[in-house]
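J.: The lines below spell out each chain.
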Amino acid sequence: MLDFVQQLVSGVALGCVYGLIALGFVLVYKATEVVNFAQGDLMMLGGFFAFTFIGMMGLNYWIGFAGAVAAMALFGMLAERIVVRPILGYPQFSIIMATIGLGYFLRSVAGMIWGTDDFKIETPFSQGVLRIGSLVLAHDKLSVIAATIILCALLWLFFNKTTLGTAMRASSENMLAAYYMGIPVKRVVSIVWAISAAVATCAGVLLAPITFIHSNVGLVLGLKAFPAAVLGGFGSIPGAVVGGVLIGVIESMAGFYLAEGWKDVAPYIVLLAVLLLKPEGLFGLHARKKV
Amino acid sequence: MRFLFKTDYEDDIKLFPHSGYVVSYGLLLAVLLIAPYVLSSYLMSQLVFVCIYATVGVALMILTGFTGQASLGHAAFLAIGAYTAAYLQKYNVPFPVYFLAAGVLTGCIGALVGFPALRLQGIYLVIATISFAFIVEEILARWESVTNGNEGMRVKALSLLGVTVSRDSPTFYFLCLAVLVLTIVGTLNLLRSPTGRAFVAIRDSETAARSMGVNVALYKVKSFAISAAITGFAGVLFAHKLSFISPEMFTLQLSIEFIIVILIGGTFSLHGAVLGAIFIVMLDPFLTYLKDDMPGIIAGIAAMFGAGTATVANVQSKVAAFASLNGLKGAIYGIIIMLFVLFEPLGIYGRWLKIKLFFQLFPLYKRATFKRQKIYVKSERNR
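Chains as they are written, first to last, in the numbering used here: chain A, 9 to 299; chain B, 1106 to 1488.
No lab work stands behind these hints, which were simulated from the structure alone. For clarity, every value in this text was computed on a predicted model and none was experimentally measured. Incorrect hints may have been included.
Stated by the list, open to error - Here are the computed lysine-lysine pairs in the DSBU-like style, where the Cα-Cα straight-line distance is at most 35 Å:
#, chain 1, residue 1, chain 2, residue 2
1, A, K128, B, K1471
2, B, K1471, A, K194
3, B, K1471, B, K1261
4, A, K194, B, K1434
5, B, K1471, A, K271
6, B, K1471, B, K1423
Can you make the complete structure from the sequences, with help from the hints?
T.: What follows is the structure, given as structure tokens:
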């Protein structure tokens, strides 16, 4: 039983990481219907920025964290301006390919600048553990869970309760109509990319003590976070987190109870099964096209 | 400019609309047939890879370009074809038999993948095919009694009619070329048949196709099966060319490469698959060439502008250091993909059509002819 709870908690922590990255996917998709395959690489870049500020320049953890988030928000806007805005409105497939290209580019450039070694950031959560009875919980994992809950709540409030969030939802439904209603669609899209890059940076920095940062971490984790977003139903913020947690728990349970090899495949098998039964994911909107 | 006067339906669906096609494609075929006796063995080897990639490109074009179903899992189909060949070869099955068996088996698996894909759209389909590819990769790594796991399998040289054909011989090249040409001709015939028309109708609008009486489910599964079967054939040749296969050769990276083949070539015509394959396969030797010669060339240019010897040597070593940076290839790859999506969405073949039209209409060409329409009402979610 104790094993089970321990696995469950570590699965939830891992899942929250996937959920955090998936949140970035969902944000961009929700506001612009663009699927950003470079989301994992934005996370990687955020981690490297934080590493540069904290590990190399010796700044305080929180200042470095904030600096990395701000720098990545600017970078997200830049990427949107150069790569996404010219092809907004074209078929989804072109945009997917463009972001795949962006991912390739970011991975290689990060490899060139920071090398291909693993890096670690010293954080206030790196050492401690929390003991509840005989259950041992590491602080770094708890910090990820807490950050996911906070970010998810903030984003949900932002999308549902603020004017800007409403504007974002409107421009995702119909860009042209939103524009006629006086919403500055271009600026809205820009801001969404900034927010999603900032969320990705949070994920990257919180991950640093758990998985280390290297130039391919974005690809590896992005490919896990992507099923999480799909499982939850693309475009649903709570769905992304629930999907992430499900994938994380399945992965850690399969790693513990099943034979070797199942750990990597089990999330995908579950994903295929869910898609078979519910093609829109767990929380996705089911809509029919009008002809 | 040539005006084609069509008087009946048969004229409209002719394979060669006019005699110019016969002449130009005949010349191309002749050049390809004498290529092995002219080109170096390295270039020949690359040409074989062009044939294999182009065959997969045509397969993917049927599915993605003409039926509108995106797939990021074609490396898995290639792997299934390759492993079928390697496994059957161990039991001395003759080449024609395992070649066909690989195609049939891959086609059946493609149809099986097609069924779940029926209900999925856009991004959900992409992720489903990625999942399928991951599962296949893992099975190949774990099913050690058949696939030999991560150690990989050796593939012997193929023997055709009692003659051993080595992977570097001209005969092997001719075999690959024949498979490619047959695939292209077969696909062209498929596309002008009712089946091909149904594919295109599904791509353009599923709802409209269904209301015209097209059995959408049946044709989607057919498209998946045909595409997978052709990829399976290509897989057999791929295994023979590499002479060694292991699961880590058939990763997501390879699937993305196949998608890039048709994207760079142009997703609306079979020409695109071949042009894209040439581009992708030849990019590697071209970059190697640039890496070796670029420092010298740039230093030469610097010297021409009157830079001193010390500066020239400095420039040369700086450029050489930059060119040998790890991962520069990936960055160039990424930039090429982005540039194509942003500035040449119709691909290389689209550029060729634009140039051709420019000369045909000489003073009257206008750029807006090829302009794509932007859709700001997002319909893809509610399809």
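J.: Now tell me if each hint is right for this structure.
T.: Quick rundown of the hints versus the structure:
1. A/K128 to B/K1471: violated (56 Å)
2. B/K1471 to A/K194: holds (29 Å)
3. B/K1471 to B/K1261: violated (55 Å)
4. A/K194 to B/K1434: holds (33 Å)
5. B/K1471 to A/K271: violated (56 Å)
6. B/K1471 to B/K1423: Between B/K1471 and B/K1423 the Cα gap is close to 44 Å, so the pair fails against 35 Å, i.e. violated.
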